[in-house]
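Given the coordinates of chain A, work out where chains B and C should sit on it, guided by the hints.
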Amino acid sequence: MTLGEIKKSLLAAAWFMFLTFPIMVIKVNTIQKTVEWHWERLLYVAVGGFVFSFLWRYFLRRKQGGRRPAAPVETDEPEAVPAFQRLIHDRRFAMPALVVLGLFVLVFPYLFSMYQVNIMTTALIYVVTGLGLNVVVGVAGLLHLGYAAFYAVGAYTYALLNLHFGVSFWLALPIGAALGSVFAVILGFPVLRLRGDYLAIVTLGFGEIIRLVLENWNDFSYGPSGIANIPRPKFFWFDFSLEQSAVFIYFLMLAMVLLTVFVTNRLKDSRIGRAWIALREDEVACQAMGIDIARTKLSAFVMGSAWAGMAGVVFAAKTTFINPASFTLWESIVILCIVVLGGMGSILGVILGALVLILLPEYLRAFSEYRMLIFGVVLVVMMVFRPGGILSEVRRTYLFKEGLSKDGSLS
Amino acid sequence: MEYFIELFFSGLTRGSIYALIALGYTMVYGIIQLINFAHGEIYMIGAFTALIVTGVLTYYGWPHLAIILIAAVLAIFYSAAYGWTMERIAYKPLRDAPRLSALISAIGASLFLQNYVLLAQTSDFLPFPSLISDFAFLDPVSNLFGTTDFLIYTTTGVVMALLTFLIKFTRVGKAMRATAQDRHMAMLVGIDVNRIISITFIIGSATAAIGGVLIASHVGQINFFIGFIAGIKAFVAAVLGGIGSLPGAVLGSLVLGWTEAFFTGYVSSDYEDVCAFVILVIILIFRPSGLLGRSGVQKV
Amino acid sequence: MKRYASKRCLAAILVCVAVFAFSGVGLAQDTIKLGVAGAHSGDLASYGIPSIRAAELVTKDINAKGGILGKKIELLLGDDACKPELATNVATKLVSDGVNVVLGHICSGATKAALNIYASASIPVMSPSATNTELTLSGDYPNFFRTIAYDDLQARLQVSFARDVLKVKRVACLHDKGDYGKGQSTLAKQFFEEAGIEVVLFEGVTPGAVDYSAIVQKIKRENVDLVVWGAYHPEASKIVTLMRKKKMDTPFMGADGIKDETFIKVAGEFAEGVFATGPRDNTKNPLFIAAKKAHQDAFGEDPGVFFPEAYSATLALLNAIEKAGSTDFDAVTKALRSEYVDTPVGSISFDQNGDAIGIGFSVYQVKNGVFTTIQ
Numbered sequence: 010m011t012l013g014e015i016k017k018s019l020l021a022a023a024w025f026m027f028l029t030f031p032i033m034v035i036k037v038n039t040i041q042k043t044v045e046w047h048w049e050r051l052l053y054v055a056v057g058g059f060v061f062s063f064l065w066r067y068f069l070r071r072k073q074g075g076r077r078p079a080a081p082v083e084t085d086e087p088e089a090v091p092a093f094q095r096l097i098h099d100r101r102f103a104m105p106a107l108v109v110l111g112l113f114v115l116v117f118p119y120l121f122s123m124y125q126v127n128i129m130t131t132a133l134i135y136v137v138t139g140l141g142l143n144v145v146v147g148v149a150g151l152l153h154l155g156y157a158a159f160y161a162v163g164a165y166t167y168a169l170l171n172l173h174f175g176v177s178f179w180l181a182l183p184i185g186a187a188l189g190s191v192f193a194v195i196l197g198f199p200v201l202r203l204r205g206d207y208l209a210i211v212t213l214g215f216g217e218i219i220r221l222v223l224e225n226w227n228d229f230s231y232g233p234s235g236i237a238n239i240p241r242p243k244f245f246w247f248d249f250s251l252e253q254s255a256v257f258i259y260f261l262m263l264a265m266v267l268l269t270v271f272v273t274n275r276l277k278d279s280r281i282g283r284a285w286i287a288l289r290e291d292e293v294a295c296q297a298m299g300i301d302i303a304r305t306k307l308s309a310f311v312m313g314s315a316w317a318g319m320a321g322v323v324f325a326a327k328t329t330f331i332n333p334a335s336f337t338l339w340e341s342i343v344i345l346c347i348v349v350l351g352g353m354g355s356i357l358g359v360i361l362g363a364l365v366l367i368l369l370p371e372y373l374r375a376f377s378e379y380r381m382l383i384f385g386v387v388l389v390v391m392m393v394f395r396p397g398g399i400l401s402e403v404r405r406t407y408l409f410k411e412g413l414s415k416d417g418s419l420s
Numbered sequence: 078m079e080y081f082i083e084l085f086f087s088g089l090t091r092g093s094i095y096a097l098i099a100l101g102y103t104m105v106y107g108i109i110q111l112i113n114f115a116h117g118e119i120y121m122i123g124a125f126t127a128l129i130v131t132g133v134l135t136y137y138g139w140p141h142l143a144i145i146l147i148a149a150v151l152a153i154f155y156s157a158a159y160g161w162t163m164e165r166i167a168y169k170p171l172r173d174a175p176r177l178s179a180l181i182s183a184i185g186a187s188l189f190l191q192n193y194v195l196l197a198q199t200s201d202f203l204p205f206p207s208l209i210s211d212f213a214f215l216d217p218v219s220n221l222f223g224t225t226d227f228l229i230y231t232t233t234g235v236v237m238a239l240l241t242f243l244i245k246f247t248r249v250g251k252a253m254r255a256t257a258q259d260r261h262m263a264m265l266v267g268i269d270v271n272r273i274i275s276i277t278f279i280i281g282s283a284t285a286a287i288g289g290v291l292i293a294s295h296v297g298q299i300n301f302f303i304g305f306i307a308g309i310k311a312f313v314a315a316v317l318g319g320i321g322s323l324p325g326a327v328l329g330s331l332v333l334g335w336t337e338a339f340f341t342g343y344v345s346s347d348y349e350d351v352c353a354f355v356i357l358v359i360i361l362i363f364r365p366s367g368l369l370g371r372s373g374v375q376k377v
Numbered sequence: 010m011k012r013y014a015s016k017r018c019l020a021a022i023l024v025c026v027a028v029f030a031f032s033g034v035g036l037a038q039d040t041i042k043l044g045v046a047g048a049h050s051g052d053l054a055s056y057g058i059p060s061i062r063a064a065e066l067v068t069k070d071i072n073a074k075g076g077i078l079g080k081k082i083e084l085l086l087g088d089d090a091c092k093p094e095l096a097t098n099v100a101t102k103l104v105s106d107g108v109n110v111v112l113g114h115i116c117s118g119a120t121k122a123a124l125n126i127y128a129s130a131s132i133p134v135m136s137p138s139a140t141n142t143e144l145t146l147s148g149d150y151p152n153f154f155r156t157i158a159y160d161d162l163q164a165r166l167q168v169s170f171a172r173d174v175l176k177v178k179r180v181a182c183l184h185d186k187g188d189y190g191k192g193q194s195t196l197a198k199q200f201f202e203e204a205g206i207e208v209v210l211f212e213g214v215t216p217g218a219v220d221y222s223a224i225v226q227k228i229k230r231e232n233v234d235l236v237v238w239g240a241y242h243p244e245a246s247k248i249v250t251l252m253r254k255k256k257m258d259t260p261f262m263g264a265d266g267i268k269d270e271t272f273i274k275v276a277g278e279f280a281e282g283v284f285a286t287g288p289r290d291n292t293k294n295p296l297f298i299a300a301k302k303a304h305q306d307a308f309g310e311d312p313g314v315f316f317p318e319a320y321s322a323t324l325a326l327l328n329a330i331e332k333a334g335s336t337d338f339d340a341v342t343k344a345l346r347s348e349y350v351d352t353p354v355g356s357i358s359f360d361q362n363g364d365a366i367g368i369g370f371s372v373y374q375v376k377n378g379v380f381t382t383i384q
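Quick mapping for you: the protein sequence lines, in order, are chains A, B and C. When we follow our numbering, the leftmost residue of the first sequence carries the number 10, and every step to the right adds one. When we follow our numbering, the leftmost residue of the second sequence carries the number 78, and every step to the right adds one. When we follow our numbering, the leftmost residue of the third sequence carries the number 10, and every step to the right adds one.
Pulled out of the complex, with its shape left as it was, chain A reads as follows:
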């Protein structure tokens, strides 16, 4: 704590006082033509700015100290893998941990209130969508800003089919996934040539188009007033009470998460999965290696959207009411945040990301009106101090050992 440090922090505090002066201190009411001065707020800003600047520089230094200067991210050597990540790849630790976690997850609905079960189910829905988007963004490296549209496709599939034809939840589930994929193909074809942010903006546009159509086409989707009284899922012919049904959906989502994790994990190691990774790393080189780029991109979109469609069906069944307000651009952004904050490409990271991002605003309810402010700060701070996400993907390294050829040349 040197004098220079304090001086820097004082300077920062002064700067923040100056910066926030008009908006924090003066409150003008142009309707009543009154001016209020809140000088006390300036004091909070000063103290806050001082502390913030101090902590900020301290943590930034620590972050930089831990890393070799200007080391490119790609050449992370094995020892640079954080302890936690090595731990989870260590069977001796991972197995018991998994068992404990599994038990906790199974008894969770009986330990906590219905509210906890409910928000956990919401978080699990986002785990599935996050994992789905992870295929597109994290694995295949295609920035997708219209993902909520596919989620909407799933939700409206169930709501409308049920309303008009009485289709049951269980039948709607695969139909939702299939329709999600169909829409992904429709979106996929025109955008195959686009790269980077141009792709992002077209997916954004596509997401908005679907939402706006749902909003305006009253005869089809009942417009902004939405569809109410969507039935909750049944298990054969049992009729559940509200609490039982919440627990049931929780377990249903749990099963779906397991399925998603299994499938996406296997996919990542498959031929198509490695094609996706190659696509993410370098499109040109990927093409030069003889990979059909168009097909690879399209398959990533289709895979990702199928999960969104399925999650959408569950979402409609859980909420029992849907309207286009649930599928805005903001929703797509939240899902994208889950993927990036969790750690792109890493399955466990995305699961953690979804839990943190969806549960955090719920638990932040204690801070009531400050919660979205804190949420914004959390996003910035997380990204600054852990730009790779909570758990960044561990690159699989394939070691070729001579004499072990029976084991498969690349394992």
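Among the clues, some could well be false.
Stretch-level coverage of chain A by chain C, calculated; a stretch enters the list once three of its residues show a Cβ under 8 Å from a Cβ in chain C [stated by the list, open to error]: (1) 105-113; (2) 195-205.
Mimicking BS3-like on lysine-lysine, the simulated pairs with C-alpha atoms at most 25 Å apart in a straight line are [said to hold, decoys possible]: (3) K81(C) to K302(C); (4) K256(C) to K176(C); (5) K81(C) to K332(C); (6) K69(C) to K80(C); (7) K255(C) to K178(C); (8) K36(A) to K301(C); (9) K301(C) to K42(A); (10) K81(C) to K256(C); (11) K293(C) to K256(C); (12) K74(C) to K254(C); (13) K302(C) to K74(C); (14) K69(C) to K293(C); (15) K332(C) to K80(C); (16) K42(A) to K302(C); (17) K74(C) to K178(C); (18) K16(A) to K169(B); (19) K251(B) to K17(A); (20) K42(A) to K293(C); (21) K301(C) to K74(C); (22) K332(C) to K343(C); (23) K36(A) to K80(C); (24) K376(C) to K42(A); (25) K251(B) to K72(A); (26) K81(C) to K42(C); (27) K251(B) to K169(B); (28) K72(A) to K17(A); (29) K376(C) to K254(C).
By construction, these hints were calculated from the structure, which means they are not laboratory data. Ideal Cβ placement from N, Cα and C applies to all residues, glycine included.
Below, chains B and C alone, put in the same frame as chain A:
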């Protein structure tokens, strides 16, 4: 025909408004390839600063012209300061991080600024004082466009010309172009890249503030959320024109504005945004890097 | 360094989750819990925040007098940002926290999504602002009440006024594509057509757009006798200002979404002559004056939209609990349906459907910068 001309000017107004925000967007993008989600928020802060300053000065009875000048200058100044600070805190530590991390950081910053204004000020719409009195010479054409529309057209043109001049013909502009092309190379030839990026943010934010003041006087009311919607539209416009290109941003904005206006006028405003996005998709299919974007030859 | 950091980071997250998870477990019931749910953040926050303030003011008053049935009132806030899925979360949270009655939600969609959760826990819900007709008239939601009249009534009043007083032949119906706006406009359109008046334009504008001159030009071209606006005031003031600046003197009529002081303040001189339907004039009601004064003293500004309705709803709910002598669902709803209570919106009770009796609608016109009742 008269109806067509009326719609033409409606579209021109919309387009110019998008352009005022899109210019800053595209500048920042051009230099660090960051979709600066918080750009709309900077615009909102500019408008709020102007509102607060005018409110205070009107309360103390200053002369009208002085109020306009001081409000505009302070709005520009404060927006630039916010832009600079935001860059220092939320983006600079992420220079070498994956691009998506910077995007999420930008989203976080945007959320923070929105809620900061919501909490410090109010959630209600506030009427924005009409700072500029109507020009008498525009009276005959008042069915086509009003005073604020006229000011927006001219300002958009002037800002675009100035920025183009700055980038094409000044030392700073040259450094900006070098940084945009290759940051490491620029560093090697002795350009202070961090300074250049800061300057870009300051200039981009200042244009956002000009937009904020003008658009707020045109619309007549502001609240904490105006930045988000305008920001998204401006971003779409910038990409449509070819992101990173200043004339592209203006052209993209105008195309977007006219599409919306003519579609509303001849078909229905229900689907104006749908039409705008469909046009966007079609244009990008045939010109994958926007109207005026550099062609997409990628060197390996 | 980094190793520890990541471990600690994870530990911190786990601890947080655990702490918050356990904190959800409720305490014993020694207060009356009033849930306040609605949009407290996001773009619709300005419609939800006034209801929190109303609830705060009322409970502060009542608690200062010793509470109800010897118990203090405790407020539990729930922010749903007007999103149905968050509304269900809020509802389950409030139910888990042992709430007795709920003031909210603000938007009709969110209210619909939340209602059957409250219903299964037998909790009466009263909204100050959800005007969707189905909420009460469909009979699906026996636990729902509201202190605002529903869209249907308002649209009928608008149409009869337009036909009998303004004697219009061609109208343009505009809305903001939203839950409230489009619902209201669709009804208005239906009733106009039933009354034999031609609706030449029925369109939604994009809320928050920076310029509406294209739609204004279109209105001008269609040469209508009246523009009927179905949604909130921010867009209305933009459109009416543009119309007047383009020298169009077509009458403009809105619903309770624009019957707000802010509309006049924002649109200024251009608001002059605008018609609006809205809850009957309460400005002379002493309770209304007192509530407004209390708000000004506490928050330094005039109350926002739906503040009187929310204030009245809080009063009605708490009064019903007091009259019922308990927080039992049947007793409270019975009291709501039988007892009259004096509120800022008048002396009200509730009918079988849950709609307030004693609130009425009037048509207003802006004259010299104030809404003045016509007829």
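Structure-based check of each hint:
1. With 0 residues having a beta carbon nearer than 8 Å to a beta carbon of chain C, the stretch 105-113 of chain A misses the requirement of three or more and the stated coverage is violated.
2. Coverage of a stretch by a chain is defined here by at least three residues with a beta carbon nearer than 8 Å to that chain's beta carbons; for the stretch 195-205 of chain A and chain C the count is 0, and the condition is violated.
3. For the hint linking K81(C) to K302(C), the alpha-carbon distance of about 24 Å falls within 25 Å, and the restraint holds.
4. Proximity of K256(C) to K176(C) is assessed by CA-CA distance (about 22 Å); at most 25 Å being required, the pair is judged to hold.
5. As the CA atoms of K81(C) and K332(C) are separated by approximately 16 Å, the hinted pair is consistent with the 25 Å bound.
6. Note on K69(C) and K80(C): the hinted pairing holds, with a Cα-Cα distance of about 13 Å set against a maximum of 25 Å.
7. Taking the CA atoms of K255(C) and K178(C), the gap is near 22 Å; set against the 25 Å cutoff, the hint holds.
8. The straight-line distance between the Cα atoms of K36(A) and K301(C) is roughly 20 Å, inside the 25 Å bound, and the hint therefore holds.
9. Taking the CA atoms of K301(C) and K42(A), the gap is near 18 Å; set against the 25 Å cutoff, the hint holds.
10. Our distance criterion of 25 Å between C-alpha atoms is broken by K81(C) and K256(C), whose separation comes to about 57 Å.
11. For the given pair, K293(C) sits about 36 Å from K256(C) by alpha-carbon distance, which is inconsistent with the 25 Å threshold.
12. The suggested pairing of K74(C) with K254(C) is violated, with an alpha-carbon distance near 53 Å, which exceeds 25 Å.
13. Distance hint between K302(C) and K74(C) is fulfilled; the C-alpha atoms sit about 19 Å from each other, no more than 25 Å.
14. Restraint check for K69(C) and K293(C): satisfied, since their Cα atoms lie roughly 24 Å apart, inside the 25 Å limit.
15. Pair hint K332(C) plus K80(C) holds up; C-alpha atoms about 14 Å apart against a cutoff of 25 Å.
16. For the hint linking K42(A) to K302(C), the alpha-carbon distance of about 17 Å falls within 25 Å, and the restraint holds.
17. Note on K74(C) and K178(C): the hinted pairing is violated, with a Cα-Cα distance of about 56 Å set against a maximum of 25 Å.
18. For the suggested pair K16(A) and K169(B), the alpha carbons sit about 22 Å apart, so the restraint of at most 25 Å is met.
19. At most 25 Å may separate the alpha-carbon atoms for a hinted pair to count; K251(B) and K17(A) exceed this at roughly 32 Å.
20. Between K42(A) and K293(C) the alpha-carbon distance is near 24 Å, which keeps this suggested pair within the 25 Å criterion.
21. Between K301(C) and K74(C) the alpha-carbon distance is near 20 Å, which keeps this suggested pair within the 25 Å criterion.
22. Of the supplied pair hints, the one linking K332(C) and K343(C) holds, its CA atoms being roughly 10 Å apart against a limit of 25 Å.
23. Restraint check: the Cα-Cα separation between K36(A) and K80(C) comes to about 37 Å, which exceeds 25 Å; the hinted pair is violated.
24. Using a Cα cut-off of 25 Å, the hinted pair K376(C) and K42(A) holds, with the two alpha carbons roughly 21 Å apart.
25. Distance hint between K251(B) and K72(A) is unfulfilled; the C-alpha atoms sit about 33 Å from each other, more than 25 Å.
26. Of the pairs offered as hints, the one joining K81(C) and K42(C) holds, with about 9 Å between alpha carbons and a cut-off of 25 Å not exceeded.
27. Under the criterion of a C-alpha separation no larger than 25 Å, the hint pairing K251(B) with K169(B) is consistent with the structure, at around 21 Å.
28. Distance hint between K72(A) and K17(A) is fulfilled; the C-alpha atoms sit about 19 Å from each other, no more than 25 Å.
29. The suggested pairing of K376(C) with K254(C) holds, with an alpha-carbon distance near 19 Å, which does not exceed 25 Å.
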